[in-house]
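When you get a sec, could you build the whole thing from the sequences and use the hints?
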Amino acid sequence: AGAPLTDTVPLQVVPGADPSARQLCFAWGPAEVLVCETLFGRAGGFRSPPSRFWGEGGAGAAARALTGSVAGTGDGAPSSSRVFVVRRDQDIYIQTLRKLFNESHGIFMGLQRSEEELAGKSRKAQLVQVSKNYRSVIRACMEDMHQAAVSTRDPALQGQYSTQVSILSAMELIWNLCEILFVEAATAGPLLLRLLDWVRLHVCDVDSMVREVLSSESPSKHKLFWNVVDVFVLQGRMDEARHLLSKEASANPTSMNMYKILDDLMKKMPVPNLGNTQTLTELELKWQHWHEECQRYLQDGTFASNPHMESICKILLGDEDAILEKKELMTTWYHFLVTRLLYSHPTVKPMELRFYAQSSMDLFLGGESSPEPLDMILMAAFEFEMHQVIKECSIVLSNWWFVAHLTDLLDHCKLLQSHNLYFGSNMREFLLLEYASGLFSHHSLWQLGVDYFDHCPEYGRVYLELHIERIPLSTEQKALKVLRICEQRQMHEQVRSICKIMAMKALRNNRLGSALSWSIRAKDAAFATLISDRFLKDYCERGCFSDLDLIDNLGPSMLLSDRLTFLGKYREFHRLYGEKRFPEAARLLLTLMTAHIAPCSFWMTLLTDALPLLEQKEVIFSAEQTYELMRCLEDLTAGNPDKQKFQDDDVETTKVEMLRLALARNLARVIVKEGTVEGS
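The numbering used here numbers the first residue of the sequence shown as 125 and each following residue consecutively.
Rather than coming from a laboratory, the hints here were simulated on the basis of the structure.
No residue lacks a Cβ here, since even glycine has one placed at the ideal position from N, Cα and C.
Cross-link-like lysine to aspartate or glutamate pairs, in silico, DMTMM-like; alpha carbons within 20 Å at most:
| no. | residue 1 | residue 2 |
| --- | --- | --- |
| 1 | Lys515 | Glu558 |
| 2 | Lys248 | Asp535 |
| 3 | Lys661 | Asp733 |
| 4 | Lys629 | Asp648 |
| 5 | Lys538 | Glu507 |
Pairwise CB distance ranges (calculated):
| no. | residue 1 | residue 2 | range |
| --- | --- | --- | --- |
| 6 | Pro279 | Lys248 | 42 to 48 Å |
| 7 | Ser725 | Gln614 | 38 to 44 Å |
| 8 | Ala792 | Pro736 | 17 to 23 Å |
| 9 | Ala280 | Lys410 | 53 to 59 Å |
| 10 | Lys661 | Leu597 | 25 to 31 Å |
| 11 | Ser670 | Asp733 | 16 to 22 Å |
| 12 | Pro279 | Glu509 | 37 to 43 Å |
Shown next as structure tokens:
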């Protein structure tokens, strides 16, 4: 933020803007957008779009990511202008959400590797467990965020953490409902039990009230006693409600008979069970008899003397008006829905939920307020419009984590097989690509994104190739990590690109060994030649080689270019000379000159290296080899384009004269030696 714009940034102006007014310019990046205002125009800054119900997604997330400010100075007057960075997925930069991204990655990978052969109940149980694992990660992250909000003293941070707690809570609420309706696909009977557990888990506004009453010395005398009993009844927690009522019965012996009747009704209330030990018909018959018994007691005026118990009896009968009177205790329309189903339609079928859900929301809101985005998402789930659930969540949530993982799970449940997008990829892959692309804008989370791209069969590899090239290779360790990923996936073009970048960086820092190593890995002959020349130049200036370990162990890699071959062989010559293996060193030196792989500028150095061998007591070069050296020397002096300059250089002239003298003396010694051998 605040960085100056340069001519290299291709700025665009928002289409349709008034040329005379201040305009918003932008330039796209791989995961960010640079935004600035024009320098001249009317006063007025960038206005943030309205926030969403639990955060800011889409444009809201962009506005939240803006850093810095823009000041105006009046109509037509010049004003300050800054560059803002708008990130596509701001949530990945929140440190406390790292657990969510890291741990859910492991669950995702386990799901992809799971045995597809599992069928029927085994497969469903496996998928339900995966869903629960995702929810446990969300809840753990939510608890960490809550703890962070409690412990911080910074009001701004506290507000951010509280917002994230609300977001995570809403995410778990939606996910849990989708798990019940889509993944587990609960049937009539068990469906109601699952919805009751869902409400008890997520409607926690009354928990503090329950704790306050239960911890008091005399709960039955507490002013909120009957509110707590009502909450237990509304959530179907009959055992807890009966336990509290027994305390009231002990305190009021005169009403003991009334309490016994209500306790008996609550005890006998038929509820579905998960063991399938009774049919729906049996349950409906039992429930009908029990309902008639409750109706009879109410009509007889059994509870007329106690309004609280009469109200509870009306709730047991499913009286909507009586239930709505407890609106403040339920807090949400979906709590009202589940309570209404519990006492009116306990054997509700999944496909009937949409009707009860819509009417419950209408009754609960009563025209006093309009539905929030969260309400619309839950309503879409109750209507079994899973694509609408995903669409709405994509709009209102501030990141792609939720929709990507939920869609992947639903796809494994074979619920999205028929839904392809008009631009080619299916919904699962599209959302995974978006999520993984966001991860790649983070300095370390990009490694998780690689695995998500791997499991997108249609476009995953293309996205990975494009994104991996944009990873900043800040250290050699990071470059090796990226390189290993590319090599494992046979991404040859990216391997070459990374190696070239690192080789150039090393060369700029004068780390020739590292540069040569990267160029060999890139199989870049031209660059290897350039670096080999630098090695040879350094040798000429300093008289010794750097990075001997690398040059000594080039192996077959030296065949990448002639110059690299020469470098390796020339170093081998020095090694042989150091080991006093003079005949082998002489043959190699002569080969380097006659094979024409040595640069012409280096011939004088090679001939100079031959001097100590020519002056040895023992004859090293044969007559034929000596003639070859003479020819090379004459080619060097006669074929040099700067011949005049060469002759005017006293040092070079001296070297040439010394070489001619040494070669002549060696030739004479060889002729004498070879003649002596022939004469004997």
